[in-house]
Structure formats: structure tokens, C-alpha cells
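Those protein sequences? They're chains A and B, same order as listed. Per my numbering: the first sequence = residues 1 to 324. Per my numbering: the second sequence = residues 1001 to 1259.
Don't take every hint at face value.
[Unchecked claim] Quick list of the computed label-pair ranges, beta carbon to beta carbon:
1) A:L228 - B:K1110: 47 to 57 Å
2) A:L297 - B:G1012: 31 to 41 Å
3) A:I294 - B:K1110: 40 to 50 Å
[Unchecked claim] Non-contacting residues of chain A with respect to chain B, defined by C-beta distances greater than 10 Å in every case (computed):
4) S25
5) R103
6) G145
7) G167
8) A186
9) V199
10) A239
11) E243
12) F298
Note that these hints are calculated values from the structure, not bench results. We put the CB at the ideal spot given by N, CA and C, even for glycine.
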Amino acid sequence: MRQLALLGLVFAALFTLPFFVESESWRTTIIMTLYAALLGQAWNILGGYGGQFSFGHAAFFGTGAYTVAVLQVQLGLNPWLGLVAGGALAVGVAAFIGFTTFRYGLRGSYFALVTLAFAEVLRILSNTVPFTGAGVGILIPLDPGAANLQFASKAGFYWLLWAITLGAFLTAWWIGHSRFGARLMAVRDNEDAARALGVDPFRVKMRAIMLSGLFSGLAGVFYAQFFLYLDPGIAYGPAVSVESLLVPIVGGMGTLFGPLLGAVALHAVSEVTREVIGDLPGISLVIYGTILVIMVLFAPRGLSGLVSRLTRSARRKTEGDRHA
Amino acid sequence: MHDASPILDVAGISKRFGGLQASNNISMRVPQGGITSLIGPNGAGKTTLFALITGFHTPDAGSVRFRGEDITGLAPQEIAERGMIRTFQIVQPFAGQSVRENIAVGAHLKIRSRAAALEKAEDVARKVGLGDRLDMDAAALTVAGRKRLEVARALATDPELILFDEVLAGLNPSEIRDVIPVIRAIRDEGVTILLIEHVMQAVMSLSEHTWVLNQGQLIAEGAPQDVTRDPHVIEAYLGKGMAERMAKQAADAVGGAHE
């Protein structure tokens, strides 16, 4: 309950951010940070709590993004409907990938490779079929208005994103406090022992990948509405997959606040490098790679693991002082 | 041991791994209630038999019936749901999770609510003597602690039948003395228990009936006191000719006083 209260407090504070942040460029920064936290939490549901490391979350993200774009541009459907359809189709893609991989017990690096392959297949498909605009991409006409899921002010976009992200974080909280979550983590930590205690790993993983796919897909819908342009590389390219997994690995996998910490840390780093080095192409990837290696080597439990270790040792130290 | 309705009825089970006949036409009927045991030298196929019964392996031939229902070929989780739970010889804690969380996974088999499952986990932990280590990381437990955790997780599922795979192995004599009453208490609650055990002290003092497995085959069964005198069993454990030598030694020692 204390964790839920803290979550409420953090999201209440996040809700008020646009009232204090007036500059457009800073608003973009906080939007992109929260967006990274959403991508990260979506990945964290399957990867962090479930131990299934996907390298292809772009498959869900791109499906959500393309769904809302194509429905608007080709069929003239309202993007609010597109939001629902995008989430639903992303869940469908997740169910398909989950079924084909988990049915045959693919784990570890095999699962990672297969998810990567699925994302690539979808990227190539979207590059060839006509209704996605193929390689040229697809442009959503600018038409600001809440009815069109577009907002004249960045604050509107921010609150839309805030609501989706809140949903993802509440889902993660629920995983930490429910039978489903207990079973998911049991499967992550020891699949055989979980089976012996009556847990069906296939069912548990299916539910996890579908929840994970839902929030990745909704992140894709948000992206499409915010930038109003998609091409196969943006929607299904590896950049989204990498960002999805990097955020929780840096912040702390399988923890509620890890993706938020990771998103803030990564965006702070990328802002600083942009100030110091400028917009050198590819530099952010070099830095992300370096951070990833450092985190995996020295802080495998991410920033939140580091924080809890520091607070524990600090507490021990003050207790020691008291005894001395 | 041939009562009308055994809780577990294994009939003619066989399993071959490549050139190794791990189980060869094994039949056993475990009666409802009480403690029975399965013994045999290393590599006799005891753990394989447990795996065949609980669905971790599929038998090549034969059938397993649990409470009258044919469960041959069902998945482990389906068998667990029906009330038969196994533990692992090589302990399998959910590392990184606390003792309470580990046990709660078992409790969740029948309990949906998280709070109720955690409460049940605490009760069970106290029963097996882990009440003082509820918040400890399961990976930080001693060997004896981990064995208790295996017992606790199985017990938390409210099973009808527990298959304990060497829960006493690796414990020192005083730890064994501590755990034996725990196993008895589980039986007294009405849970049927089948043990695989190397610690003969435990087999003798706990179980009413024992099966002896050697090279994938059952070679003897009966009360533990009788079985340990069976020449086939002595030879399986100690080598060919040993039974004769021991009988001769015993006869020499007594000096024919009884005859």
C-alpha cells in the first residue's frame, strides 16, 4: 500500500508538470522522458517481471502506430477509435508472437532472436504493402482538436501520455501485488519449480506478453499522433526495441519505479551530451551502449537496485554509529 | 498394501533414455494416509520415477492413476492442481524472492487473494520452522533452510499427496532430528507422503512401507525392517556376495546360540 501511495504521489506531481514548465522545448523533453518511461514499463512487464527478454518490442509499438495512422488516412476513422484498435491489434500481434514462441518453450536468447525477427518481418512488410505508404511513409494530416486526438498545446499531448503511462505503472503495481504477478515472477525465477506448484508457464507468459504488447502499442499510437509521421524504420526499426529494454535495464528490471528512473537518467545523459558534443550522428547510440555495458557489469539490478543498496548501507551505518 | 483404493496407483511404468532403461515395468500402489518410502542406491531411478509420476517426464509405457483418475501424460501443473505435489532433490528456490513470497506461490494454487496467500505462507513457514526467516532472500538460506522451504512450498498448496525427494539429504544429524517431526506433523494433518530417502534412520523411523528400486526395477517391498534384511536389497547396496558374508558373520557372532 505504501508503494501505491508513492506511485499516486509521483503521478500527481507529474500531472502538474505542464503548469510549471512553459517552454516548448522543455515540454518536449518531459514528454519524451515520460514516453521512454512508458516504453520501458511496457517492456518491464514481460522482461522485468517475466524474465522474457524481447528484442522486438517494436513489433507491438509499430502495430499500434500504423493502426491509428492507417485507419485515419485510408479509412477516415476517428483516431480515438484508432487508439482502441491500435491497442487491440498490438495485443493481437503479442498473442501471435507469444503463442508461436512460448508454445514451443523458447527461452532466453532464442526468444530474444525470434522477437527481433518478428519485428524485422513487420518492418519489411510495412515497407512493401501500399496502405502503409511503403517506404515513403505515412503522413497524418494536421488537424488540432481533442476530438482528433491532436492537441494545439503540448500540455494536451502530455496529459494523454500521462494517462496511458499511469495505466502501465498501475498494471506493474498490480503485478507486484497479485496472484498473476506472483506466478509470473515464479516462472521467471524457476520454471520447473513453478510448474511443480501448479503454475502453467504458458498461460502466465501469454498474459504477460499481451499486457506488455498493449502498452507498447498505445505508446505507438501516442507517437503517431504526436509526430504525425511514420515510416517503416521509425515504427518497426530496432531503435524502439532498444529504447524499450535499455530504460528498465538502466533503471532496474522487475521494479515498479525502475523504468521511470531509467527514463530520467537516460534523457538527462542525452541532454547533457547534446549540450557538450552537439548533434553528432550516432553519438547517442555509442553512449547508450556504453551505459548498458556499465550497468550490466556493475549494477545488474539497475538504478533502483543501487538506490536500495545505498539506503540500506546508509541505514546500517547510522545504526552502527548509534551502537558505537 | 493392497487395499481397495490406493491414492496413487502406478501400473507397469517404463521409461528409456537412449540406451538406459531408467524405469522398467514399475508398479506400486500407495495407500491413502500415512508415510511410505522409496529407497535404492544412487542411480537406481528414484528421481526419474518421481518425474514420471508428476508429469515432468512422459512414460513410454504404463499408467499413473491418482485418486482413481488416469493422469498419465498430464503436465506437471495439471497434476499439481489435482493435489499431488513433488519437491526437488536439488532445491529450487525462487532466488531473489523472500521466503514468504516463495511459499506464497504454493499457497496461490488454491488462494486467489494476495493477502490471504501471504498470510497462509506465514502459517506454513511457522509450521516448518521458517517463521523467523520470512523476509530473508531465499537464496541466502542455508541448505537446511532451503530444504524446509521446499517442504513449506509444497505444503502451502494444501495437497493430498506430497512426494518428497530427499528432503533430508545434506542435513546434519541434529537438523534431521528437527525435520522428522515436521514430516510427521504433515502426515498427522491427513496428507499422504511418499519419500525418496537415503537417510535410513528417517526411512526406518518414518515410513510404514517401503519400495526398493535398483537399476530401474523394483526388487523388494515391505516393512522397512524386513526389507533391509532382504538379501537382494543388501546386494544392491553393498555388492554381490555381501548378503552371504553378512549372514555368516552374524551366525559366527551369535555362535549358533539360537540353534
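Open item on the list: Beyond 10 Å on every Cβ pair: is that true for A:E243 relative to chain B?
Closed with: 26 Å, holds
Open item on the list: Verify this label for me: A:R103 is non-interface relative to chain B, using a Cβ-Cβ cutoff of 10 Å.
Closed with: 13 Å, holds
Task: No chain B beta carbon within 10 Å of A:S25's - done: 41 Å, holds
TODO: Check the following: the C-beta atoms of A:L228 and B:K1110 are separated by a distance inside 47 to 57 Å.
DONE: Given range 47 to 57 Å: holds, Cβ gap about 52 Å.
- [ ] Confirm or reject the statement that A:A239 sits farther than 10 Å, beta carbon to beta carbon, from all of chain B.
- [x] Given a closest Cβ separation of 31 Å, the condition holds.
Open item on the list: Looking only at beta-carbon atoms, does the pair A:I294, B:K1110 fall within the given range of 40 to 50 Å?
Closed with: 45 Å, holds
Task: A:G145 and chain B, when compared Cβ to Cβ, separated by more than 10 Å - done: 43 Å, holds
TODO: Grab the minimum beta-carbon distance between A:G167 and chain B and tell me whether it stays above 10 Å.
DONE: 20 Å, holds
TODO: Just tell me: holds or violated, for the beta carbon distance of A:L297 and B:G1012 against 31 to 41 Å?
DONE: With a Cβ separation near 54 Å, A:L297 and B:G1012 fall outside 31 to 41 Å, so the hint is violated.
TODO: Beyond 10 Å from every chain B Cβ: check whether that's true for A:F298.
DONE: Correct as stated: the minimum Cβ-Cβ distance to chain B is 18 Å, above 10 Å.
TODO: Just double-check A:A186 for me: nearest Cβ-Cβ distance to chain B has to come out over 10 Å.
DONE: 4 Å, violated
Task: No chain B beta carbon within 10 Å of A:V199's - done: At roughly 6 Å from the nearest Cβ of chain B, A:V199 sits no farther out than 10 Å, so the non-interface label is violated.
Checked against the numbered hints given earlier, the structure breaks hints 2, 8, 9 and satisfies all the rest.
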